[in-house]
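Peer 1: Sequence:
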Amino acid sequence: MPKVTLDKEMFKALASDTRLDILRVLDGKKLGLKDISNATNLNKATLHEHLTKLHEAGLVRRKEREGHKWVYYKLSWKGASLLHPENTRIVIMFTSTFAILFFGIAGIFNYIQSFISIERGSDMIYINAPDEVNETLLTFGEKTFSTGQNPIFLYFAIVCLTLFSVLMVVSIWRYRKNKIPKL
Numbered sequence: 696m697p698k699v700t701l702d703k704e705m706f707k708a709l710a711s712d713t714r715l716d717i718l719r720v721l722d723g724k725k726l727g728l729k730d731i732s733n734a735t736n737l738n739k740a741t742l743h744e745h746l747t748k749l750h751e752a753g754l755v756r757r758k759e760r761e762g763h764k765w766v767y768y769k770l771s772w773k774g775a776s777l778l779h780p781e782n783t784r785i786v787i788m789f790t791s792t793f794a795i796l797f798f799g800i801a802g803i804f805n806y807i808q809s810f811i812s813i814e815r816g817s818d819m820i821y822i823n824a825p826d827e828v829n830e831t832l833l834t835f836g837e838k839t840f841s842t843g844q845n846p847i848f849l850y851f852a853i854v855c856l857t858l859f860s861v862l863m864v865v866s867i868w869r870y871r872k873n874k875i876p877k878l
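Just so you know, we're using our numbering here: the sequence shown kicks off at 696 and counts up by one.
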């Protein structure tokens, strides 16, 4: 899990309660100076000084568009990670959930593939039912391969798809629970 390392500038920036309030106001939003000033009841000049320190510390990003006079502020990755360290865990959980889904689908594909025998040179595909034959012959040109119909792929796929379902429900629950600001 990526960790946020705090340096001297970040400690200085986080030492003020006012700057912490600014970070809380910017949580999940992109706001202009006037909006932040209204939310924190600070003078614009004072607020600009605090935002400059937060920007220098790497906790806030400035969004300036060419041709426009307004500047918008948004939390940087470091700022968002300080307020919500559990977001990284949720991303890792979603990633592993979809990796398990991929392995489950691959297991089903391998199990189904063990029932199919293909003859090269003809357009025919023979599908053997699991109860009829315990072994399938695969013929490619002059080579013939024998594959036993092993149900281990099916069991693996069932376990993976069940695990996928459980992890997906937990991931969505944690994502929704985390969406509500705690600060």
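I should point out that these hints are in silico values taken from the structure, not numbers from a laboratory. Certain hints may be false.
With a straight-line Cα cutoff of 20 Å, these simulated SDA-like cross-link-like pairs (lysine to any residue) come out [as the list claims (entries may be wrong)]:
id	residue 1	residue 2
1	K769	G753
2	K764	V786
3	K724	K739
4	K764	P780
5	K725	N736
6	K739	H750
7	K703	K725
8	K769	Y806
9	K758	V786
10	K872	E759
11	K725	S791
12	K748	N782
13	K769	S732
14	K769	F798
15	K758	P780
16	K724	P780
17	K748	G762
18	K724	L737
19	K739	G727
Peer 1: If you test the structure against every hint from before, which numbers come out violated?
Peer 2: Numbers 2, 4, 7, 8, 9, 10, 11, 12, 14, 15 and 17, in rising order.
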